[in-house]
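Peer 1: Read off the chains here:
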Amino acid sequence: MNKFTLHTGIAAPLDRANVDTDMIIPKQFLKSIKRSGFGKNLFDELRYLDEGQPDQDCAGRPLNEEFVLNLPRYKGTSVLLARENFGCGSSREHAPWALDDFGIRSVIAPSFAEIFYNNCFKNGLLPIILSEEQVDQLFNEVATTEGYELTVDLENQVVKTPSGEEMAFEIDDFRKHCLLNGLDDIGLTLQHADDIKAYEEKRRQSAPWLFDAIK
Amino acid sequence: MAGKTLYDKLFESHLVRTNDDGSSLIYIDRQVLHEVTSPQAFEGLRMAGRQPWRIDANIATPDHNVPTTERSGGVDEIVDPVSKIQVKTLDSNCDEFGILEFKMNDQRQGIVHVMAPEQGAILPGVTAVCGDSHTATLGALGALAHGVGTSEVEHVLATQCLITKKMKNMLVRVDGELGIGVTPKDVVLHVIGVIGTAGGTGYAIEFGGDVFRNMSMEGRMTVCNMAIEAGARVGLVSVDQITLDYVEGRPFAPKGEQWDMAVAAWKDLVSDNDAEFDEVVEINGADIEPQVTWGTSPEMVVGVSAQVPNPANETDQVKIDGINRALEYMGLNADQNITDIKLDRVFIGSCTNSRIEDLRDAAKVVEGRKVAGNIIQALVVPGSGLVKEQAEKEGLDKVFTAAGLEWREPGCSMCLAMNPDKLGNGEHCASTSNRNFEGRQGFGGRTHLVSPAMAAAAAVTGHFIDVRELIK
Ligand code: SF4
Chain A
1 MNKFTLHTGI
11 AAPLDRANVD
21 TDMIIPKQFL
31 KSIKRSGFGK
41 NLFDELRYLD
51 EGQPDQDCAG
61 RPLNEEFVLN
71 LPRYKGTSVL
81 LARENFGCGS
91 SREHAPWALD
101 DFGIRSVIAP
111 SFAEIFYNNC
121 FKNGLLPIIL
131 SEEQVDQLFN
141 EVATTEGYEL
151 TVDLENQVVK
161 TPSGEEMAFE
171 IDDFRKHCLL
181 NGLDDIGLTL
191 QHADDIKAYE
201 EKRRQSAPWL
211 FDAIK
Chain B
1 MAGKTLYDKL
11 FESHLVRTND
21 DGSSLIYIDR
31 QVLHEVTSPQ
41 AFEGLRMAGR
51 QPWRIDANIA
61 TPDHNVPTTE
71 RSGGVDEIVD
81 PVSKIQVKTL
91 DSNCDEFGIL
101 EFKMNDQRQG
111 IVHVMAPEQG
121 AILPGVTAVC
131 GDSHTATLGA
141 LGALAHGVGT
151 SEVEHVLATQ
161 CLITKKMKNM
171 LVRVDGELGI
181 GVTPKDVVLH
191 VIGVIGTAGG
201 TGYAIEFGGD
211 VFRNMSMEGR
221 MTVCNMAIEA
231 GARVGLVSVD
241 QITLDYVEGR
251 PFAPKGEQWD
261 MAVAAWKDLV
271 SDNDAEFDEV
281 VEINGADIEP
291 QVTWGTSPEM
301 VVGVSAQVPN
311 PANETDQVKI
321 DGINRALEYM
331 GLNADQNITD
341 IKLDRVFIGS
351 CTNSRIEDLR
361 DAAKVVEGRK
371 VAGNIIQALV
381 VPGSGLVKEQ
391 AEKEGLDKVF
401 TAAGLEWREP
411 GCSMCLAMNP
421 DKLGNGEHCA
431 STSNRNFEGR
441 QGFGGRTHLV
451 SPAMAAAAAV
461 TGHFIDVREL
471 IK
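Note that the protein sequences, when read in sequence, are chains A and B. Take 1 as the starting number for the first sequence in the numbering used here and just add one per residue. Take 1 as the starting number for the second sequence in the numbering used here and just add one per residue.
In short, the hints are calculated from the structure, not lab data. Possibly wrong hints are sitting among the right ones.
Claimed, not checked - Within a straight-line C-alpha distance of at most 16 angstroms, the following computed EDC-like cross-link-like pairs (lysine to aspartate or glutamate) qualify:
id	chain 1	residue 1	chain 2	residue 2
1	A	K215	B	D245
2	B	K255	B	D245
3	A	K34	B	D91
4	B	K255	A	D212
5	A	K215	B	D95
6	A	K215	B	E96
Unchecked claim - Calculated Cβ distances over 12 angstroms to all of chain A for the following chain B residues:
id	residue
7	I242
8	K255
9	V280
10	A372
11	E392
12	W407
Since the structure is predicted, the reported quantities are computational estimates derived from the model, not experimental observations. Cβ atoms here follow ideal geometry from the backbone N, Cα and C, with glycine treated the same way.
So here's chain A without its partners, still in its complex pose (with noise of 0.2 angstroms):
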């Protein structure tokens, strides 16, 4: 899993609540046998004028010019700024990987759905929840400012602006220790490698057999 520290990006404004996880990647791109690549189909319905089919060449689509991430000024967007209850509906996990491969790195947002909000540390990508009028603000400041960029500081727990200003957010420590050190369940067994290496070493001594036979 990809570790977050410290990030600085461009911002968009995704202006709606309750965006549910159908609307983040439609089902009929769950088929795939991936869990990258669904970047493409990112908020397929809003993107496209048309409808999108799994495996499809999205170069040729016809793109809603209107949507905030086809705005030219937003190219390249790294900080979701949404509405409250982001993520809402199915569990599934390809939500987050559909965000992660699109490129955005960090959500921001006055409430995530639960389940949206557990599945976006097992995947590298940080959920910041805001009061109501710290996202407006920022929301403001977005839409008046062209290329504007904020910085996610993960160590400090504060969101910067280009002002300057710092808004500070609340995350569990776990959580915040598993993001800084690029900890998901794997990640976190490593943490123990000595272990199973040693563990390992016995076992080659005491049941060779099993070791280098199947190749």
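Model the placement of chain B with the ligand on the given structure of chain A, informed by the hints.
Peer 2: Chain B with the ligand only, in chain A's frame:
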């Protein structure tokens, strides 16, 4: 202090550490991979820039949705696009990471749980995982085998460990002698009927007693295979001479000095005489007759001479509702004789019953007979290329085809209907597989689980019949 069960020994000998939250990290000696549950695990590794921890702990083969009809054209000619891409992805992942794979048209390809023991890839005393719930099959060798999900497949690939919690111990003891025509499948179906589909939840079940001691390895695999249908993720049989005889000489089994060393170590893979089980179930083997499931859960099972249950004989409302719903789905009447159930299709195969002994049992019954007129299709799908080869050497394929059954290429086939082998809506099937859930073998399909001999008997008579009447 009380002795240890086989499960305790296997668990303790693989414990790497106990985590702060009480879960345990156990070392996994072997992982078996197939095309359905592995693609996103490999993808996860790649995305995180991780390498498999230990390549030589893994072995792979495609099975769940390979076609079982003529397939010499190779993977490119698989018709279903999702199946094709899954099989291709397994091939390319194994090539990329250097994992040994028996590809679709390799003689050694087969259903994961048939191929792995056949190759000696699974040995007594190992821990094994596979992304399929019937991995418990491998416990027949005295191995601790868990079925796992895709995220655990990735976890084991990356760390060679599984995060798990220790289970409780259950002993299912079947003593006495089995009657003629009563097979391991009948024993395990009967056991599930007694303890129920949730009876083993949270337990590792060890199968003990005369019946299992005298049973062949293949029979033990059939039994352990269905531990999961009793709710248990793990099924086990203690190691004995039958186990050693089965393992000796297999391609990945130890040889020479290492063999002697292994045998010495494996001698301890038994539950101690004074081991304490949290739960003991005792059954008399002489009481078991050939079994047939009538409903939509493996516990809805009776002897072939019995009748379909009548909800009026029950007092528990949940049970009554369950019976009514199953009767409706299955299109059966209460109190109807099992032997009056007419069949449309017959499936002999799956990781439960597709080994050579199963095929011999079935062939014995159909020999010199013909598939009944009302049977639309009767499939025989061997569990691996090697089982197929052996059967052909013995002329079993000829016996089947002469009787009008189809002889297929190895794979999971109609067990789960991911390939084109499926039941039609409302059709009744005598199946040697392990799940009779609604729609498992095709939308609206009605599955009756039976032994290979019983399925063969149904094929030639067109309805259920006590196989003992045909093999007298
Ligand atoms: S035969 Fe059926 S139960 Fe066995 S591995 Fe294949 S799909 Fe799973």
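Peer 1: Against this structure, judge whether each hint is valid.
Peer 2: For each hint, the structure was consulted:
1. K215(A) / D245(B): 24 angstroms, violated
2. K255(B) / D245(B): Judged against 16 angstroms, a Cα distance of about 13 angstroms means the pair holds.
3. K34(A) / D91(B): 15 angstroms, holds
4. K255(B) / D212(A): Satisfied, since the Cα-Cα distance of roughly 13 angstroms is no more than 16 angstroms.
5. K215(A) / D95(B): 12 angstroms, holds
6. K215(A) / E96(B): 14 angstroms, holds
7. I242: 20 angstroms, holds
8. K255: 8 angstroms, violated
9. V280: 31 angstroms, holds
10. A372: 40 angstroms, holds
11. E392: 27 angstroms, holds
12. W407: About 30 angstroms separates W407(B) from the closest Cβ of chain A, which puts it past 12 angstroms; holds.
In this structure, the hints that do not hold are numbers 1, 8, in rising order.
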